[in-house]
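Student: Work out the full structure, taking the sequences as your base and the hints as a guide.
Residue numbers (the numbering used here): 2 to 766.
In short, the hints are calculated from the structure, not lab data. Don't take every hint at face value.
What the hints assert, rightly or not - Taking CB as the label site, the calculated pair distances span:
1. Ser274 - Met637: 45 to 53 Å
2. Lys87 - Ser51: 40 to 48 Å
3. Asn683 - Lys99: 24 to 32 Å
4. Arg638 - Leu676: 49 to 57 Å
To be verified - Each computed DSS-like pair below joins lysine-lysine, with the alpha-carbon atoms no more than 27 Å apart:
5. Lys256 - Lys188
6. Lys744 - Lys660
7. Lys242 - Lys188
By construction, the Cβ of each residue, glycine as well, lies at the ideal position given by its N, Cα and C atoms.
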Amino acid sequence: LKENELKKLKKEIYTKLSEIDSEIKNSPEKEKRARSDIDKRTEKRLIMISGKQTKLKDEMNDALFAVDDSLRNEDLILKINGIEEKMLSFFSEIEKSKEQIKSLEKELEKLEKNQRSSESRLEQAFKKHDKAQQSIGIKEDQFKVKEDVLKKQIGSNKKELFSLQEHLLSLDQQKDELISQKENIDKDFNRSNTIVKELKKKILVPSLIPKSINSSQKNSMSSKKTSNRKEQLRYLDQIEKDVNISIERSELSIKELNILIDKMRNEESGLESSISLIESDLEYFHTDLSRIETLIRNNKEHLEKISSDHRTSLNGISNIKELYPECKIMLNERIANLFTLVELRSKDKDELNNSLDEMKHELKEKRVEAAMLGQQLSKINDDMKKALENSFYEQEQEPEEQKWKWEIAEHKMKSYMDLAQLKINTKDLFDEIVKIEKRIAQLKTKESSVKDLISDNEKVSHKKFKRMEDTCTTLELRITKEKNELEGIENEVQELKSFAFNYGDRIEVLEKELADFREKEVDYELILNDLDRSIESVQERADNIIRSKGTIKENSIDIDYIANLGLLMDPNSSLNLLPNEHIKEFSYFKPNRILQNGVLALILTFSLSAFLQRSSIKPLEERLPIKQSELSLLSMRQQMKNVVESRNEVANTFGQLIKDDKNISDDMVSLLKYLSKNIPENFHVTKITVDKQRSETSLAADRTEFYDLLVKVDGFYNNNMEKSSKLSKKLHESFINKGQFKKVEISEGKKLKKSMTGYKITILL
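Tutor: Here's what the structure looks like:
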């Protein structure tokens, strides 16, 4: 029996071993199948879980929408939203105020820099003014010295002029004496001619003796008169010789006298021209002196005006300097206080925001944990259901399998315990969420109180900022006035510098003219010395002629009968006995006379035109400084006008902006009133947004010039799509029929929830 049992056992063992081998061989296939089954089950479970998750999310969203809809109409949430909007507006205003403070600080820095630069410019201008005054004083002293020297030179020149005039008078007297002597010589010459003619008549020429007289008578007559004739001939020869000698001497003396007279005339013309030049130079110097005196007077007047303006500007600057540190200290203290208040409020705001963010983050985490726990609970419930179902099916199998399933049941029991613990944890989490919400409500109340405090402080700071802006504007106006005054002073100083440079150039020109005048004076002295010598020689020769008392002929041209005939005849004829040189010179006589007359006429016209132009330049030069001062005043007024016009433009733009803001606010208020009256009660408004849109058409004068109001109203009807679409069409028609809006649009309806349809109304005013 034992052997049989052993054999059976061996057979069973072998069969089991073979089964095990077959199972081992089939284990990879089973493993693949099991894995594929597990993958399929997991995919199915995942699909189921995702579907459930989407359902839960939809339910959650619906619940949240319901909660939001229920909470939207509550006073607390509306207040919280309004407070949040106010907080945002306050924060934006605080940021704007910070930007304004920064811009004002920058402007203050710029003003300080401009003030420093203007002070440095003022100091430089004062230094330049002092230097200019010193240089003007030095130049005035130099000019006075030079003026004295010129006056002395003018006096010496006048004395020399008087001496020259006296000398000329003496020369004229000598000339008259010489002319009288010449007339006496001419008379003597005429007498000698008459005597010669009488002697010629007395002389008997043989051709003139009559033929009726006899030869004896002729012989007696000839014998008697031969002796007388010879004596007369001798006497006549001697007379002729003496006459010829005297004629030659007289001709030589006449030629010398003519040469001397020509020289005297040339010297006289040169002296007259030099005297006229000296007189013109004296007139020019007198005019220059008068101009310089007028310029000195104008400069003194300008300096007096500038000194008075400078004193007033210095007094104004000293007053501003006295006021500026006190104002600066006050402004800095107020700005520091405002900055401290703003920083404290910003710190409180940051702390509140951080605490709110932390609480919101914690709430989100708790909600996420609750959602995760809900998902885990749903999974555990599904697993428990499946485990229970499998447990009913597994009880019919083998006991070994029951033991294995029992182990799974114990594991599932542990999961039930975990489920209970999770429920306890969810209760704790809900309690914590309630506490956190209470804390959030407390923080929101604190936030509202902080916002009220911030608004009050901002109102106070806004008033202070306005005061600061007013003080800044007054200071800017004062600074601009002082800048304009300083620019005017600088322009006047530059004009004075230009006058000083003109004086320097004028003085240099006068010095050059003085040097030229001194050189001319030396030349004139030499010429006068030469004239004195020539006059002495003329006087000596005249005395010699008077002493000699020789017979002088009147003129060689009158005596020379052949020369007179040659001059009367044609110069080109071959019978003319004049020499060739005289003929050539006489041929140019008429054109020379014509050219001389033409040159004289041209000289007269040019001299008259130059005199007229010079006389017209004097009043223009006298008016020049007055016109320059008027031009500087006009330029200063133009600059002031430009500054005032720019300020007026800025003020007009600000006024226009304020008017536009007032018009927009009035339009907004009237539009909101209109909407509150005309929108039906069925349409529940959830959101209103008001915005500006750039206008495409030109608007009226009482409206804004650049923008249109764009109002967007979000809301919903508690009706179906059909009913709500009919109501929306009626509302659209009512708005259009009123004709008070440019454009009215209502969007298509959107299903929000069960019987709610949302619409968006856009109105362009």
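Student: State for each hint whether it applies.
Tutor: Hint check:
1. Ser274 - Met637: 45 to 53 Å: The hinted range 45 to 53 Å holds for Ser274 and Met637, with Cβ atoms some 51 Å apart.
2. Lys87 - Ser51: 40 to 48 Å: 44 Å, holds
3. Asn683 - Lys99: 24 to 32 Å: Hint violated: Cβ distance 46 Å, outside 24 to 32 Å.
4. Arg638 - Leu676: 49 to 57 Å: 56 Å, holds
5. Lys256 - Lys188: 19 Å, holds
6. Lys744 - Lys660: Roughly 24 Å between the alpha carbons, so the hint for Lys744 and Lys660 holds.
7. Lys242 - Lys188: The hint holds at about 21 Å.
The structure does not agree with numbered hint 3 stated previously, though it agrees with all others.
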